[in-house]
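For the protein sequence lines, the chains are B and W, in the order given.
Everything in the first sequence is counted per my numbering, starting at 43 for the first residue and increasing by one.
Everything in the second sequence is counted per my numbering, starting at 12 for the first residue and increasing by one.
Hints in this document: simulated from the structure, not taken from any laboratory.
There's no promise every hint is true.
A short list of chain B residues far from chain W (calculated; beta carbon distances all over 12 angstroms) [stated by the list, open to error]:
no., residue
1, D72
2, I75
3, Q82
4, E83
5, F113
6, E157
7, Q168
8, L177
9, T182
10, L200
11, L203
Label-pair distances were calculated between CB atoms; the ranges are [as the list claims (entries may be wrong)]:
no., chain 1, residue 1, chain 2, residue 2, range
12, B, S192, W, K130, 17 to 27 angstroms
13, B, M90, W, R521, 51 to 61 angstroms
14, W, K135, B, S192, 43 to 53 angstroms
Don't be surprised by glycine CBs; every beta carbon is placed ideally from N, CA and C.
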Amino acid sequence: MEKENKQCDCKNKKDEFLEKLFEEYLPEKDNLIQMLNEVQEHYGYVPMHVQKELSEYLKIPMAEIYGVVTFYSRFSLEPQGKYKISVCLGTACFVKGSQKIMDRLTDRLKIGPGETTKDGLFTIEQTRCVGACGLAPVFTINGEVYGRASVQKLDQVLDELINKEKQNA
Amino acid sequence: MKTLEEIHEIREEKRKELDLRVNTKADTREKHILVCQGTGCTSSKSPEILENFRRILKEKNIENVRVIKTGCFGLCAKGPIVIIRPEDTFYAMVTPEDCEEIIQTHIVEGKRVERLLCKDIDGKIVNSLDELNFYKKQKRIALKNCGVINPEDIDEYIAFNGYKALERVLDVMSPEEVIEVISKSGLRGRGGAGFPTGKKWELTRASKGKQKYVVCNADEGDPGAFMDRSILEGDPHSVLEAMIIAGYSIGANKGYIYVRAEYPIAVKRLDIAIKQARDYGILGKNIFGSGFDFDIEIRLGAGAFVCGEETALLESIEGKRGQPRVKPPYPAESGLWGKPTLINNVETYANIAQIILKGADWFSSIGTEKSKGTKVFALGGNVNNIGLVEVPMGTTLREIVYDIGGGIPNGRDFKAAQTGGPSGGCIPKEHLDTPIDYESLKEIGSMMGSGGLIVMDDTKCMVSLAKFYLEFTVSESCGKCTPCRIGTKRMLEILENLCNGKGEEIDIYRLETLAKNIQKSSICGLGQSAPNPVLSTLNYFREEFKEHAIDKVCRTAECKALATIGIDEEKCKGCGLCQKHCPVNAIKGEGREKRVIDQSICIKCGTCIATCPFHAIN
C-alpha cells in the first residue's frame, strides 16, 4: 500500500528512467500522453525538468506540453502524498452517500480535494467511478479499494494509518 | 502462427473440454471452479480466493478440478462470486477463508456448502444461476462469454466460436456484404447517441483515401457505468475480432483502442489478448492467408470525461489536449490525423461477431421496431441487485428495477431512475412502464446513454442531484466553447443557491433559459447535453425546486441548510434505532418512549431518516 515517493533531484543529468523511456518511444508527437502516463507513474508527478526534456525530444513547445499536463486529471505538477486517498464521487457512490465520506475526510485532514497535507503524508482526490459500483460507496488508498464504506470505516482506516506513521516517526 | 486447420482443431478439442461450462449434464469427471476476477470482485479479495483454491487443491493432491479466472458474472452486489461447474452451484460473498470448506465439503464430500449458497431477494436459496430472478429476463449477446471463459486464454474464446465470424468474413464475404449484414441487423451505436452502425461503416468505406483507421471508444467516463469495462475484462477478444472485421469492411489496416487508464485490469487483459492474437497470426500480416493485414494498438486516456466525445478522443490519441473539433467534417471523412476514421463503442463491437454468425434476421428479431438487439445496463444506486444486466430493447424500466433488480432496499419507495449519466435525465415513477429503447427514452426527456442506470429512492433530493451532475460537467468541461465553460458554471451557482436556501423564484426561470441556450450553442455533445439532468428534473420534480426556492424547504433533508428533521409521533414505535445511529446524540428518549430530536444539537446528517424502519422521520 505504501508508495515510495521518488523525488527527482537530478537537475542537469538525464536519469536512467528517462533514458529508458526515450529508448522505448520514438520521437513522435502522438506519444506524448503515453510518455506522460509513465512519467506520472514513476515520479508520482510530472516534474518541470521532465517536461523540458520531453519538449526537446518530441519537438513540442513547452507551453503545449504544459497545456496537456494540466488538461488531464491524472497528471499532477506537485509531488503526491505517501497515501493517496481517492473518494469515488460517481453517481452510484454518490447516491449511497460518498459525499459524506469526502466531507469527513476533508474535515479531518484540513485539506481539499487535489491537495496534499504539509507533512506529505496524505493526498485527497475525488474520482469518478472506479467501477466497483457493486460495493458502493467506495474509497481507495493507493489503489486498494475499500468497499461498502462508511464514515466510521474511513475513520478507522485513517486512525490506523496515522498511528502507524506516528510509530515510525 | 497458426494455420486455419490448427485453429479448427483447437476449437473442436477445446469445445469438448469446456462443455461442462455451459452444459450441466456434461459427461465428464472434471470440475471447474470459476472465480470472478472483474474489478468489483477483485476489490473484495477474489484474487486471494483464486490463489487459495489452487493452493489447497495442490496440498490435497486433488485431480480433475481446475480453478478458472473469469470475467464478471453480473451480480456484483453478491461478490465475490464462485461458481462450480458442471453442476452450476452458485456461492455468494465468498471470503478467502471459505475456500478450505468449499473444497472439503463440495469437492471431496460432494455436498453443498449451504451457508454460502446465494439467496434471492425473497430469501429462497438458489441452486444455480438460472434460478435467480436476476438472470431470468436477461438475454446475453454482448456479455455472452463474460463469466464463462477465461479472458486471458485465446483458446477458450476460440472454443466458443471465437474468430469464426472473422474467418467467414475473410473467406466468403465482400466488404459490401459485411456492411449490408450489419445495416440489415439494425444495430445502433451503444455509446449513447444510437447512430446506425451499418451506416457509419458505409460512410467510412465510401470516404476517399488510402489510409483509414478503426477506433474503439473504451473511454467509459459516465460515472456509475461499467459495461464496457466488464466486456473488456471478461471477453476482450470479441472486441478485437469485431475491429478486424470493421477494418476489412472499411479498408483500414490499423486500429486503436482508447481505454481509460483507470481500468488497469481491462488494459492488462487487452494487452494479453492482442499479444495472443498476434502469436496466432490473427493480428498482423496476411490474416488467415487472405492477404488482409490488420494490427491494433492500445492508447491510454489520462482522466478526461470529454475524451469520450469522438473528436476529443481523436485529439487525445494524437497526443493533444482532448478538446472536441467542430463537426462537420465527421470522423468518417476526416478523423485521426485527418484520415477517414471509424469510431465505435466497445459494446457495439461486442455484438458484431454474433450478428455475422447468426445473421441479421436473428438480431433484428430481438428488440423493438427501431431499436434492435439488447442493451447492457450497469444497474446501481438504491436497488437490491446491483450489477450488470443485459436485456432485450423494449424491456420496461419496471421489469429492470423490480424483476431483475429485486426492488428498492429497506422498504423504501422508488422515486426516479437516472439514465445517460451527466448527459441524460431522470425517469420518474409515472414512466416506470416505458419500454427502454432509444426513441422512448428521448421522448420522456432522458436518453439511452452508454448504459448507466442509477435507481434513487425517496430519500434523494432531486435539486441536489441536478447540482451533483452540474458539478461534474463544470469540472469536466474542456473550456473550448463559452456556453459550456461559463454557462454550466452559472447554472451550478444557481443550483448551489437553491440548495443553500439563498434561491429565489425567478431562479427556476433563469435555470431553464440558460439550459436551453447552452443546449443550442455548445460545440460538442458534452455541452449540448449538460443541461439535460437539470431540465428533466425540472420537468418532473418542479414542485421540489419551488419548495427550495420559495418555501426554503428540502423535503428529503439532503440539503442541510434547508432541513429541520422531525419525528412523526404517530409513526414512532420507540425502537431507539435512530438514537443508536445518531452521531451527535441529538435524539432524546428512553425505553419504548417516543423519540424527540433536539434541534440545537442536530447536524442534519440524515442518518436517522435512513435508519428508521417505520419511516417516521422526515
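| Hint numbers not upheld by this structure, sorted from lowest to highest | Checked against the structure, the hints that fail are numbers 1, 2, 3, 4, 5, 7, 8, 9, 13 and 14, while the rest are satisfied.
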